[in-house]
Structure formats: C-alpha cells, structure tokens
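What follows is each chain in one-letter form.
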Amino acid sequence: MPEEKLFFEDASEGDEAPELSLEVTRTHIVKYAGAGGDFNPIHTDEAFAKAVGLPSVFAMGLMQGGYLARMLTDWLGVGNLKRYKIRFTGQVWPGETITCRGRITRRRSADGENLVDCELAVVNQDGQSKIVGEATAVLPSRG
Amino acid sequence: MVNESIVGKEFPPFEFLVERGKIKEFARALGDRNPIYTDIEVARRVGFEAVPAPPTYTASFMHQVPDENFLLNLMAEMEIDVARSVHGESEYEYIRPIEAGDVLTVTMTVKDIQKKEGRRGGAMTLITTEATYANQDGEVVQKDRMVFIERASVA
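So the protein sequences, as listed, match chains C and S. Heads up, the first sequence is in this note's numbering, so the first residue is 1 and it goes up one at a time. Heads up, the second sequence is in this note's numbering, so the first residue is 1001 and it goes up one at a time.
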C-alpha cells in the first residue's frame, strides 16, 4: 500500500537517515505561514517581533517539525508512519542552518507488522537542540 | 491561569475538507518535491486513491476551520494566557491514510492538565489537547495530541 523505500530486511538498529539540512530564511517562514495558515505576526512581521522584544521573527515549531517529517518520509516512504512525536527544545531564527537527523533504535515485529522505532533530532549549526523526537514506522517486507 | 476543571471537555466537532491544492502548497512550503503529493498517477501506483496528506498536514486545520482564530479561541476557552504560552510538543498517531477529497470530522478534547515546577522556579502548566479525525465513512483515521506550556506569571 504505502511507498516502498526501505525494506525491513535491509534495516538495522543503529542505521541513520540521510540528513536534511537547510539555512532557514524569512521566505521559508512566510511560505510555511501561507501553506499552514499560521499568521501570528511573531513569525512573519519583523517590526512586530522587535516591538515585543525579540531579535527578529522566528519559525513556527511545526515548520521544522514538517522538515523533520519530510526527512522521515524521504527515508522510510510516505504512508508508513504509525506515530510521530516531537518536543520543541529551542526556537529557530532566520540565518540558522538546521539539520534533521534520524536513527533506528529498535527493529521488531508485533501483531504481524514489521516495525522500526527511531529517535529524531533537529539541531542548528552549533549543535544546539531545536527538536527532540521519536517515530515508529511499518516497513514493507521483500516477502 | 488555566482553568483545570476543563479536563475531559469536548469541543463541538466541525468539518475539515482535505484539498488537493492545499496539500501541494503544504508540501512545496517544506521543499518536498515528492511527486506523490502532486501527481495522482504516482499516488495511485503506490496504492492511494488520491494524493495523500504529508504527516504534519492536519495541523493546518487550526488556521482554516471552523475559523482562522480557532486556536486563539480554544486557548481563551481553556483560560490559557497566550502571552505566557508556547507550543511544547506535538504527537501524531496515524491509523489510516488521509487523502485529498476526504471530509474529516475533527473533535477536540482537553486530555490532561498538569502543573510542574519550572527550571527557573514557579509552576508551569502543561495542557494536552487531542484532535480526533474521522473520515466520511466514520472511520477514525488519525489522532493528534498537542501540549501547550503556560509559564508562571512574573510575581
């Protein structure tokens, strides 16, 4: 049914996802605001952000949460996720380069499904944490 | 200050139409060039009936329906002080795929309210909400939980 990218037989505990990195710009934030609908001016209006004492606008947590999910679907395929959980640990500011990472922590079978549990992270160029997360996905079998 | 008596409260359900153009826009905004989100033939070859929604797509309902101030209104109803609050966590439980054309019924509930000692002193309040999405056939397809953190007011 879902996309076949990584097969269960080819997955091992400790395997890492191909990293996804980008330098976040105000344009990324504005595009996400338009697509997701979050027009809180703290994310899109520089003058407003400065007036409330912030150095600049900053990204919505779910923007980097969306990039991290894209890294997951690029790696494991669309339609395979069972669970995706993220905790926001730091704001992302324009000019920062963020990197999305994932690693298989457990490979298991349960109720006839082949599953992998993953630990996830988004960090900036200095290694500061922005998101800590985890996911569980069902992987197709070569059968 | 959060009103703790609202744990278990269920808000009136409303409809959320999953639109194909909105899925494309959402995927593009995240730099996602996977044709599965834009080309129905690619989606069908994989086994979907229409283009599927990306994993975090459902979060966008809060800014579309029932109106664009839904989240602010929800926070006001829970008596959360928006100025002292941040979105702390999101969790998605995927049961069946969500695809373009689906008409989802969204039901929001307040799952949990907890007080914790903050790192800088003072109590923080953690409010967990859950959105349940049922499709046009009445099947529950996804559940999203969000945690909002309200910091202690400055004395």
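Hint data in this document are derived by calculation from the structure and do not stem from the laboratory. Being a predicted model, the structure only gives us computed values, none of them experimental. Please note: incorrect hints may appear among the correct ones.
With a straight-line cut-off of 27 Å between C-alpha atoms, the simulated DSSO-like cross-links for lysine-lysine are [unchecked claim]:
id, chain 1, residue 1, chain 2, residue 2
1, S, K1143, C, K31
2, S, K1024, C, K5
3, S, K1009, C, K31
4, S, K1111, C, K31
5, S, K1111, C, K50
6, S, K1009, C, K5
7, C, K31, C, K85
8, S, K1024, C, K85
9, S, K1009, C, K50
10, C, K82, S, K1022
11, C, K5, C, K82
12, S, K1022, C, K85
How the hints compare with the structure:
1. S:K1143 - C:K31: 26 Å, holds
2. S:K1024 - C:K5: 21 Å, holds
3. S:K1009 - C:K31: 34 Å, violated
4. S:K1111 - C:K31: 32 Å, violated
5. S:K1111 - C:K50: Answer violated: K1111 (chain S) to K50 (chain C) is near 35 Å, above 27 Å.
6. S:K1009 - C:K5: 41 Å, violated
7. C:K31 - C:K85: Holds - the C-alpha atoms of K85 (chain C) and K31 (chain C) are around 23 Å apart, at most 27 Å.
8. S:K1024 - C:K85: Holds, because 23 Å separates the two Cα atoms, which is no more than 27 Å.
9. S:K1009 - C:K50: Violated, because 37 Å separates the two Cα atoms, which is more than 27 Å.
10. C:K82 - S:K1022: 23 Å, holds
11. C:K5 - C:K82: Since the Cα atoms of K5 (chain C) and K82 (chain C) sit roughly 16 Å apart, the hinted pair holds (cutoff 27 Å).
12. S:K1022 - C:K85: 23 Å, holds
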